[in-house]
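Visitor: These protein sequence lines are chains L and E, in that order.
Residue numbers for the first sequence follow UniProt numbering, beginning at 1 and rising by one.
Residue numbers for the second sequence follow UniProt numbering, beginning at 1 and rising by one.
Please keep in mind that the hints were generated in silico from the structure rather than gathered at the bench.
Accuracy of the hints is not assured; some may be wrong.
To be verified - Straight-line distance between alpha carbons at most 25 Å, and here's what the computed DSS-like set of lysine-lysine pairs gives: (1) L:Lys-40 x E:Lys-121; (2) L:Lys-210 x L:Lys-99; (3) L:Lys-264 x E:Lys-150; (4) L:Lys-243 x L:Lys-264; (5) L:Lys-40 x L:Lys-210; (6) L:Lys-243 x L:Lys-153.
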Amino acid sequence: MAGSVTKNRGYAVYLIPGVLASLGVIVVPLVMTVYYSFTKWTGVGDPRWAGLENYRRLVEDTLFWQSFGNIALLVIAMAVVPTLLGLVLAAVLFDYVAKHFGDRWAGLFRSGYYLPQVLPVAVTGIVWTWILHPGYGALNQILDTVGLEGLAKNWLGDEDYALYSVMAVMIWFQLGYPIVMFMSGLSRIDPSLYEAADLDGATWWQRFRKITVHMIRPEFYVVLVTTTIAALKIFAQVFVLTKGGPANSTMVPSYFAYENYFEKARVGYGSAISTVLTVLIVILAFLFLRLQHRSEELR
Amino acid sequence: MTLATEKAPARTEEAGSSEAVKHRDPVRFVVLAALLVLLLLLVGPMLAVAVNAFKSPADYAANGPLSLPADLYWDGIVDFWNRVNFGRKLWNSFITALAVSVFGVVLSILNAYALGIGRVKGRVWFLVFFLVANLLPQEVLVYPLYFIAKEAGLYDSLIAIVVIFTVIQSAFGTYLLTSVYAEFPRELLDAAAVDGAGKWRTLWRVVVPVSGPTLAVLFTFFFIWTWNEFFLPLIFLVSNDNQTVPVALGVLQGDRMMDATTTSASALIGILPAILFFLIFQRTLTRGIAAGAIK
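The shape of chain L in the complex, shown without the other chains:
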């Protein structure tokens, strides 16, 4: 009952549960991990201070660099391709399909494209391990049926193809998200803009470039940053599809850290990998925010 609403005192108590919970589940573990990254520890007994030793080894570890190199390719598959493809598809659905075939068709396509996004990642991973299985997998059997058995491969088991297979699965998984985001952005656009462009005799492509792309820039940035960060964090798909193999060809930082924590009992090293990954993600997020901010100021 204390105070009037116009004064802003007395609200701080409502933060207490949230702050305490965040301290216990986020802040303390985060600080502990950073501390572990400066120690040598198997998870049993006491951590031993090792200074920058873990980070020095990290820089020399080719697997570490490879895992980040793989992430660069996964950013293409999870962020760049879905964003660009999703932009075109969203525009086609919103501007062409909805007009020529009706909103229901556009809605149907949107829901269908979005479906892979709502399924548990681990389960879709299982689906794809079966489809891509060299022996009984659906893909090789289909290739066989249509007489292209020469193209059949051990998609996930051959180190020359495994990463590309994972990339293809990730495009499949990710494509629906930008489509839904961009379509909701497009619904903000004043239809009279398009009508004016039509009157001026603009082609579909011109309208797409000059109006659509321009107007949904806020969504564009959000999609790009969220998908990029999702790519940096990727774990479940790699765990289910390849476990980082074969011959580490699909190793990613999060799986690399997991392996060090729980399989090799090198907690300090795993912590160092996680810390580097975290710093990278936070820096990227803030760069994107700056970029987005600046582009909004320019408009």
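Since the structure of chain L is already known, use the hints to place chain E on it.
Guide: Using the frame of chain L, we list chain E on its own:
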């Protein structure tokens, strides 16, 4: 990042049909065909799973993945269900997701009430904190959480998972809800104050009911996200009785018993609940995806 901006696209039917006449050319069918092919590529894997889950191993070996089942063979699904005690996993997933959604929404409400409506001192820093917490990879939290949970006797317990995800999801919820509450109509708050309602009463009697639609979106997101979580449950829930659906299926990968039809059967029963939620929550979801952008 407000939810209120969602409006049905105002498009006139006449404009659509007159253009349709103008464009009655092969192009529209090429476009439609291309979109349908893409749809088939994206939904196809799930269809393939549904078809092959009902085949006997002999049928699969003889006719391959693309034929329809010779007859409906339920044994694969039933055997798998019983072998992994799937009902138990479903219950674990359901109860965890439900608890996280409820607690997560409540915690988000409390935080956002203080930050968005109360505008407490240093709120910008709190928001930056929640934003960063939202970005953190779980790998950077997992080992200490694992260690603490072991010390506290909460390892291999659903309680640990509920606590952790309540906090993680509410970081997102706080961030989203604060921006919604920052625009909350002041008249309503003042009216409640005039009626003599304190902050606690105002929160539950005025703020929560008015922001109901946003809270429904949050609840839906928390439920589906928690249901689909894999990494932390994989590490925390080691015993068969405590596993959630994604963990139970994920760890069986590469198991000897997982042949093509069993894999399909397992994937089908893993996918069905998610599709069910998708259908139940579809309206909330499409309304809320734009709001969920920051995740």
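Visitor: Run every hint past the structure and note whether it holds.
Guide: Verification of the hints:
This hinted pair does not check out: L:Lys-40 and E:Lys-121 have alpha carbons roughly 40 Å apart, beyond 25 Å. Distance check on the hinted pair: L:Lys-210 and L:Lys-99 sit about 19 Å apart at the alpha-carbon level, within 25 Å; holds. Distance check on the hinted pair: L:Lys-264 and E:Lys-150 sit about 19 Å apart at the alpha-carbon level, within 25 Å; holds. Among the hinted pairs, L:Lys-243 with L:Lys-264 is consistent with the structure: their alpha-carbon atoms are about 14 Å apart, no more than 25 Å.
For the given pair, L:Lys-40 sits about 56 Å from L:Lys-210 by alpha-carbon distance, which is inconsistent with the 25 Å threshold. Simply put, L:Lys-243 and L:Lys-153 have alpha-carbon atoms about 19 Å apart, close enough for the 25 Å limit, and the pair holds.
In this structure, the earlier hints numbered 1, 5 are contradicted, and the remaining ones agree with it.
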